[in-house]
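**Student:** Letter by letter, the chains look like this.
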Amino acid sequence: MMLRQLSLFLENRPGQLRAPCRALADAGIDILTLSLADTAQFGILRLIVRDWERARAVLQQAGMVVNVTEVVPVAIADRAGALAELLGHLEEAGLGVEYMYAFPVRSAAGQAALLFRFERPEEALQVLRLRGVQVLEPEGLLALRA
Amino acid sequence: MASRDPEERCHDPAERLERGALRRLQDQRLRQAVARAAAVPFYAAALARRGVDPAGFGGLDELDRLPLTTKQDLRDHYPLGFLAVPRSALARIHGSSGTTGRPTFVAYTARDLDTWAGLVARVLVAGGLRPEHLVHVAFGYGLFTGGFGLHQGIERVGAAVIPAAGGNTPRQVMLLEDLRPEALVCTPSYALHVAEVARGLGKDPAGLGLRFGHFGGEPWTEEMRGELERQLGIEAFNNYGLSEVIGPGVAGECRARGGMHVAEDHFLLEVLDPATLRPVPDGRPGELVFTTLTREAMPVLRYRTRDIAAVERGPCPCGRTGARLGRIVGRSDDMLVIRGVNVYPSQVEEALLRVEGTAPHYLIEVARPGTMDEAVVKVEIRAENLSDEMRRMVSLRDRIDHEIQAVTGIRMAVELVAPGTLERSPGKARRVLDHRRGPAPG
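From first to last, the protein sequence lines are chains A and B.
Everything in the first sequence is counted per the working numbering, starting at 147 for the first residue and increasing by one.
Everything in the second sequence is counted per the working numbering, starting at 16 for the first residue and increasing by one.
Note that these hints are calculated values from the structure, not bench results.
Treat the hints with caution; some may be incorrect.
[What the hints assert, rightly or not] Straight-line C-alpha distance at most 25 Å; calculated DMTMM-like pairs for lysine to aspartate or glutamate:
#1 K393/B - E418/B
#2 K218/B - E238/B
#3 K86/B - E238/B
#4 K393/B - E237/A
#5 K393/B - E327/B
#6 K393/B - E216/A
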């Protein structure tokens with residue numbers, strides 16, 4: 147139900163983003179998707195990879211501190227209004243979204259995939275299921291990609 | 016925590032001397048102390064330079080006419096240049112640990128030793144020690160004043176001593192377990208080590224039966240007190256002393272724990288701004304400066320301890336009237352003056368502790384790009400505090416920002432930096448980079 151996500155702290159200066167990407171590249175690890183949150187002074191890089199444990203080891207080896215959290219992969223129809231509808235369910239239930247970002251899937255699938263970090267993940271999962279929203283298993287999500 | 020002692024016993028009625036009477040006693044003793052100190056060539060010369068006639072010295076009102084004494088002055092008169100009595104009058108010699116080379120010796124007459132035992136007894140009784148107790152002393156016995164100093168204080172109370180001394184911690188755990196003393200005397204960091212070793216041996220440190228811990232010899236924090244009390248199941252008390260003045264017994268906490276009561280009938284305490292050498296108001300940190308009022312063998316006048324702490328003089332529920340010394344928050348050598356305000360790295364550390372529970376690596380950078388000082392505190396993110404949520408990271412920074420301002424009284428910019436990026440040095444971590452005077456050594 148939950149997908150492991152790696153987070154890194156980045157200072158806001160040149161070269162900071164490249165270092166983790168380089169480390170993963172050297173280990174032949176493909177970044178499936180990422181999101182970057184930033185303030186004027188620092189940023190948080192969030193990464194999704196196939197083998198999160200190996201990626202974490204690689205990043206730690208490179209001297210970085212890595213935080214592992216779980217995000218919820220959700221599939222919605224690839225059409226106008228689908229996301230607004232999904233967010234409507236959450237709003238009605240009074241559930242907050244910490245952040246979300248897209249997960250690229252094959253366009254032929256007719257679906258779009260999103261990764262959600264909810265304030266209260268367990269509650270959010272219940273609400274989504276009740277409303278018939280398709281919450282993906284990590285394997286199902288990765289299969290959609292390619 | 017055990018319940019408060021209803022009687023709050025004092026070892027010596029002098030601990031409750033009314034402030035006016037205390038001041039009169041200090042005034043009288045100070046005059047005698049100056050007369051005694053004049054037997055030391057260093058003081059005879061310094062008093063003469065300042066036009067102070069030891070026989071006609073005006074007491075407390077003229078305190079600021081007396082010379083200050085530094086550790087370097089003592090070193091310059093190695094080994095026993097500060098003796099005010101003939102060698103034949105000595106009863107013992109101790110020494111402070113010189114970090115490099117020679118120790119600084121401190122000498123005692125028989126009467127000094129007697130006074131000292133009484134002062135240590137005050138501290139121990141204030142912290143719950145009673146004649147029926149058994150006390151485990153894990154301080155080193157030797158030149159260091161800790162072992163013998165506490166030992167004779169315990170005997171003065173009438174309690175029993177286990178002179179375990181330092182080292183061989185598994186054996187210390189065995190002694191604690193088999194003899195079941197009520198109190199443990201050592202440095203706070205060693206007490207934590209004892210708890211750790213006990214756990215390593217499969218024993219619950221809280222089950223050793225200890226009730227009190229009397230800790231001193233190094234600065235420690237309230238957080239550490241909480242740990243010690245929880246892990247060992249004790250009430251932990253802080254005490255303070257330094258060999259140049261006498262050793263342990265200069266100040267100690269009572270069970271109200273609102274600071275360490277200073278034995279002001281034996282030590283005159285001033286709290287001075289290390290930069291201006293003027294007194295700071297009560298409640299503000301400054302350098303502790305002591306004048307021994309009763310020492311015979313080696314009196315010191317206005318000895319600069321370089322220890323920084325604040326003093327409170329309001330009434331204490333225990334009835335003791337001695338000024339209450341707060342925790343040692345730093346060394347005067349570490350002081351920074353930022354926009355005219357004295358700031359100690361330990362204050363920043365305390366602010367970080369309040370926010371994070373344990374102190375992360377940090378670096379204070381001070382610069383003066385224009386006419387104003389600017390201070391930046393770089394704080395390494397600890398793995399436990401790394402979050403994927405920006406909200407939490409920003410809130411962490413804001414809380415640090417707020418606490419630093421609350422503790423130091425000035426605003427310093429807080430920068431979170433990536434873990435492991437601040438320079439580590441093998442010895443003491445570098446905490447300050449002052450660009451106003453170029454990089455500090457070490």
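**Student:** Evaluate each hint against the coordinates.
**Tutor:** Hint-by-hint comparison with the structure:
For the proposed pair K393/B and E418/B, the alpha carbon gap of about 14 Å is at most 25 Å, so the pair holds. For the hint pairing K218/B with E238/B, the CA-to-CA distance comes to about 23 Å; that is within 25 Å, so the pair holds. Simply put, K86/B and E238/B have alpha-carbon atoms about 31 Å apart, too far for the 25 Å limit, and the pair is violated. Under the criterion of a C-alpha separation no larger than 25 Å, the hint pairing K393/B with E237/A is inconsistent with the structure, at around 39 Å.
Straight-line distance between C-alpha atoms of K393/B and E327/B comes to about 32 Å, which puts the hinted pair past the 25 Å bound. A hinted pair counts as satisfied when its Cα atoms are at most 25 Å apart, and K393/B with E216/A does not qualify at roughly 29 Å.
Checked against the numbered hints given earlier, this structure breaks hints 3, 4, 5, 6; the rest are met.
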